[in-house]
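Engineer: Sequence:
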Amino acid sequence: MNETESEITADVYVFTRHPTYSFDDDGSDRGFQITVDKQRMVIISYSEPFGYSTIYTARLLPLASSYRREGLPWQEANKKAYEELYAETVAFATAYPRQTPRG
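If you read the sequence shown in this note's numbering, its first letter stands for residue 1104, the second for the next number, and so on.
Treat the hints loosely; a few may be bogus.
[To be verified] DMTMM-like cross-link-like pairs, simulated, lysine to aspartate or glutamate; straight-line CA separation at most 20 Å:
id : residue 1 : residue 2
1  : Lys-1141  : Glu-1173
2  : Lys-1182  : Asp-1132
3  : Lys-1183  : Glu-1173
4  : Lys-1141  : Glu-1106
5  : Lys-1141  : Asp-1114
6  : Lys-1183  : Asp-1132
In short, the hints are calculated from the structure, not lab data.
Make a model of the complete structure from these sequences and hints.
Structural biologist: Right, dumping it as structure tokens:
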């Protein structure tokens, strides 16, 4: 963890398991880094320092960066990128329901 007057940056490790899995089944784990603005208590940065090729690194980050280069503030760029990828995910799940995980 790294802390300044205005921000806190922390490496985070998360392990997830689907609720219907038995104890012997493997889950999924991720390591990433977040930076929080201490004044507003919001996440202002997110990264995956361990080299994961995920939807964040492969799609969301580059898309949001392109919107920022077009002049959008980072909050709007991130929101627009997220909404665009969410719409793609919904369209895929609708078109191919058997390939979509069910909770």
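Engineer: Going straight from one Cα to the other, do Lys-1141 and Glu-1173 come out at no more than 20 Å?
Structural biologist: Violated, because 28 Å separates the two Cα atoms, which is more than 20 Å.
Engineer: Is it true that the CA of Lys-1141 sits at most 20 Å from the CA of Asp-1114?
Structural biologist: 16 Å, holds
Engineer: With a cut-off of 20 Å on the C-alpha distance, tell me whether Lys-1182 and Asp-1132 pass.
Structural biologist: 25 Å, violated
Engineer: Sort out whether Asp-1132 lies within 20 Å of Lys-1183, counting only the CA atoms.
Structural biologist: 27 Å, violated
Engineer: Below or equal to 20 Å on CA atoms is what counts here, so check Lys-1141 against Glu-1106.
Structural biologist: 10 Å, holds
Engineer: Is Lys-1183 within 20 Å of Glu-1173, Cα to Cα?
Structural biologist: With Cα atoms ~12 Å apart, Lys-1183 and Glu-1173 stay inside 20 Å; holds.
Taken one by one, the earlier hints fail for this structure at numbers 1, 2, 6, listed in ascending order.
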